[in-house]
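There are 2 protein chains.
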Amino acid sequence: MISLEKALEIVKREVKVLPSEKVKLLSSLNRVLAEDIYSEFDIPQFNRAAMDGYAVIAQDTTSACLTHPVVLKIVDEASAGFKAKSSVSSGKAVRIMTGAILPEGADAVVMFEDTESEKDEVKIFRSVKQGRNVSFSGEDVKKGEKVLPRGTFIRPAEVGMLASLSKEEVCVVKKPKVAIISTGSELTEPGDALKEGKIYDSNSFALFSQVVSCGGQPERIGIVPDDEKELLLKVKEALSFDILLLSGGVSMGKYDLVKEVLRKAGVRMLFWKVAVKPGKPTFFGVRNHTLVFGLPGYPVSSMINFENLVKPAIFEMLGRKDYKRFKIRATLKEEIKNTSNRENFIRVKLIEQEGKYLAYPAPSQKSGVLKSMVWANGIIALPKDVRKVESGKQVLVEILS
Amino acid sequence: MISLEKALEIVKREVKVLPSEKVKLLSSLNRVLAEDIYSEFDIPQFNRAAMDGYAVIAQDTTSACLTHPVVLKIVDEASAGFKAKSSVSSGKAVRIMTGAILPEGADAVVMFEDTESEKDEVKIFRSVKQGRNVSFSGEDVKKGEKVLPRGTFIRPAEVGMLASLSKEEVCVVKKPKVAIISTGSELTEPGDALKEGKIYDSNSFALFSQVVSCGGQPERIGIVPDDEKELLLKVKEALSFDILLLSGGVSMGKYDLVKEVLRKAGVRMLFWKVAVKPGKPTFFGVRNHTLVFGLPGYPVSSMINFENLVKPAIFEMLGRKDYKRFKIRATLKEEIKNTSNRENFIRVKLIEQEGKYLAYPAPSQKSGVLKSMVWANGIIALPKDVRKVESGKQVLVEILS
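If you're matching them up, the sequences are chains C and D in order.
This note's numbering numbers the first residue of the first sequence as 1 and each following residue consecutively.
This note's numbering numbers the first residue of the second sequence as 402 and each following residue consecutively.
It is worth saying that the hints were derived from the structure and are not from the lab.
Where hints are given, some of them may not hold.
Claimed, not checked - Listed next, the in silico PhoX-like pairs over lysine-lysine satisfying Cα-Cα at most 20 Å (straight line):
id, chain 1, residue 1, chain 2, residue 2
1, D, K757, D, K728
2, C, K393, C, K333
3, C, K324, D, K750
4, D, K785, C, K195
5, D, K728, C, K327
6, C, K356, D, K728
7, D, K767, D, K785
8, C, K349, C, K366
9, C, K349, D, K484
10, C, K337, C, K393
11, D, K544, D, K417
12, D, K757, C, K327
I would like the entire structure built from these sequences, with the hints used as guidance.
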């Protein structure tokens, strides 16, 4: 039995970042950049008005105040994207809109709210300093600058940035292909009639959704009964994927044949027990470049081990390093206990109250009770040597997104 | 000029929850339930072994210890999903796997680790209490129970739960259809050549991605130059959507014709200035059931106002109430200032250091500098009457997901 930290180290050692592919900009959201992005030009490319108003020479406005405005002659105007034909010299101004090119000679913009115009004259009621209300060329991005490094997760802001750099397409890391097999003769497909002793397969559905959520491309291979031949066949088929997730059949029992089947399929085992609760019996192995995870059959164990081990593997394949969950300090509202000698992942619900957070543990922390995952929006990781935390204590809760 | 709080109130008053549609379970991730989900059966449906081991009568094991094990006769066995033919009476045990039906007569399971078997006998080295290592019927979910209420956001755990309830399809709220128009003669499509004074349209790309991220279905209508006729045509076309987002053209200038066009298109204006920085000039109006937002042209203002006003509207249309961002207490690493009389949204990067968070403000907080949104994973909302916060102070940072 190894620690989660050690297990993660072993998993990460086996991961290679996947190759890249080109996608259209609007399809790049939630993907990961496979290339460094440099800017081919300044943004903005020219000095421009940052406010609607009058382009002036700042020096001209020095004495301007509410009672003694400075009067300038309006010689031209320019709207966003355009440049006035006239230049600005002392005593003159150009009426200008946000986004227009700053006219030659001008070095500041007085905003409309501080002016009053009549015919071709404008009264300036407030002095401006040089550069005021002007966006200078290269203010956001400089030509040649590395704007986004390879490995960047593409959020809406990055999509906007790529658009402003004129990128119609971008190189992103391919999505890890993840095969999901549920093992167990007790499993029934949702929608089918349930015979005595059987239960509906829920793990492959939850795992499928978890894979989608962290940027992988899942395929549900389906339910395979506890039959060595049949399982071996399916496993061999699934070893063409980047990751194979098996749910169920990794505990101690006589009918637990997953390990044996994986051995026959040429999968090299690297560990099969991790000191966590829930989720101790968890297999990890590799065959060529395929990572194989044998997750426990219990729905909570399966989901938590996915979060702790598979998600980091998928992120590493994508070249992402940001799989740490945000942590929020909260007041524990009910005592929690760790009855194992393993790191214990307690499911809690965080509720905000007057700017502070309260953490309510799920009523049942059993690994078979999926309702605790439905309840939870956070996880408390109790170290193996902490036996209990009393109600009212401060705890760190990791946010489940 | 109204407060953000007031603006939100006005927006929410105009929102109606959208109708529902049926989707396949695997497509329900990140959607919102449009129906209450009740369970038609207990989960589990029978008492079952929660561990691999021996089903026994707890009473039989009372005296068991390492030095004086209790010896029981193995009369049968059962694997997951099955039931032993024999029942358990005093002195007898059934070898049983996790997920098997608890045999008649038995009331506890001794796990393998506490036993030793030879032929048809098993030595029990540890006593168990009644109910130990047994999952009782209805332990996770009771028949008739309301498991998930309408309005639930469907995460992987909910998908798993719905599978375990045998739901092949679920009723979810339709995705709000969102039309996006970028206005401004200065805008150029990414990939096209850039003429003097022009810039690439980035807002419609960022907004498109923001709509996707919060569960809407965006359509990029495209760039419309500052021409009343052309804009009116496009706006009328887009008023068939649930939401129309216009970017640019809501500030004071002569060429800002968006308000006029919206009036002509029959849009009833409800506000057009909000006391926030960035993003003061923001139009909101309605026509029939269509919400119309005129967002500022500056990329940061546009994105922040989307977060603050449009996202809540989309969430309300979906029947979700959980649009509040999680807040993390952090140490501010550089002084921040509010030079406006408006609520100020400062973009910061949260970095974890030894279990604590540090908040680094983006070097430029100008609304034209999209790089600040690329920099940020969090936002500090500075109230309008707070002039500055010094470096080293504790601040609350809202997480941008």
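Hint check results:
1. D/K757 with D/K728: holds, 13 Å
2. C/K393 with C/K333: holds, 8 Å
3. C/K324 with D/K750: The hint holds at about 15 Å.
4. D/K785 with C/K195: This hinted pair is violated, its Cα atoms lying about 64 Å apart.
5. D/K728 with C/K327: holds, 10 Å
6. C/K356 with D/K728: Holds - the C-alpha atoms of D/K728 and C/K356 are around 9 Å apart, at most 20 Å.
7. D/K767 with D/K785: It holds: about 17 Å lies between the C-alpha atoms, which stays within 20 Å.
8. C/K349 with C/K366: holds, 16 Å
9. C/K349 with D/K484: Violated - the C-alpha atoms of D/K484 and C/K349 are around 37 Å apart, more than 20 Å.
10. C/K337 with C/K393: holds, 13 Å
11. D/K544 with D/K417: violated, 33 Å
12. D/K757 with C/K327: Distance of about 9 Å is within 20 Å: holds.
Hint compliance for this structure: hints 4, 9 and 11 are not met, and every other hint is.
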